[in-house]
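Q: Respectively, the protein sequence lines represent chains A and B. When we follow my numbering, the leftmost residue of the first sequence carries the number 49, and every step to the right adds one. When we follow my numbering, the leftmost residue of the second sequence carries the number 49, and every step to the right adds one.
These are calculated hints, taken from the structure and not from any lab test. These figures come from a predicted structure and were not determined experimentally. One should not assume that every hint holds.
The list treats identical chains as one, so a pair stands whether inside a single copy or across any two.
Each computed SDA-like pair below joins lysine to any residue, with the alpha-carbon atoms no more than 25 Å apart [unchecked claim]:
| id | residue 1 | residue 2 |
| --- | --- | --- |
| 1 | K63 | A378 |
| 2 | K302 | S234 |
| 3 | K94 | G77 |
| 4 | K235 | P198 |
| 5 | K74 | Q100 |
| 6 | K311 | G371 |
| 7 | K326 | D119 |
| 8 | K311 | D95 |
| 9 | K235 | E269 |
There are 2 protein chains.
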Amino acid sequence: MKIIVDAMGGDNAPKAPVLGALQANKEYGTQVILVGRGEEILQVMKDNGVEQLPAGIEIAHASQVIEMCDDPAFAFREKKDSSLTVGLELLKKGDGDAFVSAGSTGALLSGATLVTKRIKGIRRAALAPVVPTGNGGAVLIDCGANVKCPPEYLLQFAFMGSYYAQKVLGRENPKVGLLNNGVEPSKGTDLQVEVYPLLQKAAENGRINFVGNVEAREAVEGAVDVIVADGYSGNIFLKTMEGTGMFLAREMKKMFKKNFVTKLAAVLVSGGLKNFKKLMDSGEVGGTALLGISKPVIKAHGSSNDYAMKNAIRQAASFAASGLIEDITAHIEEMRLPAAPKE
Amino acid sequence: MKIIVDAMGGDNAPKAPVLGALQANKEYGTQVILVGRGEEILQVMKDNGVEQLPAGIEIAHASQVIEMCDDPAFAFREKKDSSLTVGLELLKKGDGDAFVSAGSTGALLSGATLVTKRIKGIRRAALAPVVPTGNGGAVLIDCGANVKCPPEYLLQFAFMGSYYAQKVLGRENPKVGLLNNGVEPSKGTDLQVEVYPLLQKAAENGRINFVGNVEAREAVEGAVDVIVADGYSGNIFLKTMEGTGMFLAREMKKMFKKNFVTKLAAVLVSGGLKNFKKLMDSGEVGGTALLGISKPVIKAHGSSNDYAMKNAIRQAASFAASGLIEDITAHIEEMRLPAAPKE
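Start from the sequences and build out the full structure, keeping to the hints where you can.
A: Below is the structure:
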């Protein structure tokens, strides 16, 4: 398994991607192509006591870097020698099995769609993070790539999310829920009302295990394995979760830092606190899968450190090994509406 | 100040509303009309050592109870002698200054709209809870009453939420944000894109302090005093917050219950834990204001205990004393779009 890694993307680049790649290589034996400015990549290695390129690590030179201020829709084209564009070209050519970047989400999404291309028949690629829920995590699809969605997009998100939960998270017969403000089929905006019967039909045909509408609270508590949403409401769900987690973590910190006695309490419960932090740490999961692209692409969190990058690389490898894209391709006809324009 | 309280609404009725009313009466001197089955109300008092109706507490008999299984849109009409309908009629007649119910949200909303009526010019009443945020709470408007909203509704929500934050929460020049998946004016669905310039114009005219789009994470962290949303996404926001809070509270409990040492830690930090729980307890706030109705109406949480009911009664009293409805009425022309149908 060979993973292509954007060495220049993210707040902590090139250090975090380079060190994450070295760790993944060492721990899991994953081969990595680091894409970016060769001299900077080598310098990071040198600064960390690695004088020679380890076996299984390659460098693909790319002179440009896509910055957060670049227009995400055009950056990959305007900067043809950026680490992102070069990496996606390598992926397209088959030089590696998956691509990981902690750079701009928008640029990665546009680049992956236009360079690597979507799976034939898939209308839009979606961002599918695994969010921390009471059942050990659920796939949220979409969380922001597609704000305006016709019903067919959500039908495809449901299928792709279900395959991902099964193939990558190892859930058997994953429960698929439509994010809504109530459980009755009449609930939601026009979009949810139209999508509901489509998912129900797919369930009747035995294609997905659609369990109906799921309210946000129950979704967080772990009622489903896959949360289907348009990008707007998926984003509200994801960011509210993150915000609430951060807010409560800060309040908890205050509580433990108050005085000597509370600091002692923190020591007594330190093992649990570590697990608690892990629960809320996006770095644990690694990154967000871009589902619908013809090759595995993982968006790592912009603030990823080397540990998070290592996890994202591991996740990319298991995505590539899962046969997920082949599965989506094989079942594409079930995810299309008769009225949809042919592509 | 006299508050009309639905003695039969909520999971813990009639006990919680009756005891909450007694406490509010004792602590704040609030006068209360308890609406419901007289004998049951008196029995609750008797069971709690109150043999005689205290001064300032009245009972208005209503023989029927609206159950959760009743159709919320028609229940208040079909059960004309329900505590909800009788209470709202009393409110309309001016026998009390505000109405509090922990019963069905839908029935309360329909009843308040059709019995007590909306403020002239207000297109839809909205549910406006105060959600726990980093800045000590923010008004979320709407959180589920209106799933499908034209832009004018959200313009009115922004005004009403702003007045509420100012008059009831005591925020000076409250910051109003439009819940969105990014800060740029182009972000969101068609609705948010259309609402943005309306709010901007209201801000330019010095009517509200619109600070732009607010992402869910920043809203939780306390970036604004008023979060403007359609009922669908407001519901996702609210329920995700609740779910995440409950999920993390449960994980924290597990952490502290693990063994003798962690239990000791819980004791050492018990004061802080109590505050932490308060932070996530909807009972602290009391209830959700129904804004846009011509008289103050508060929806208490269905699971309210007597403490939460007492708080809801206190909140109803401060709503009634605030002059909020008069303020909305005085500024109604600023909240209307020229194209909107006259009412």
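Q: So, against the hints stated earlier in the document, which numbers end up violated here?
A: Going through the list in order, the structure violates hints 1, 2, 6, 7 and 8 and respects the others.
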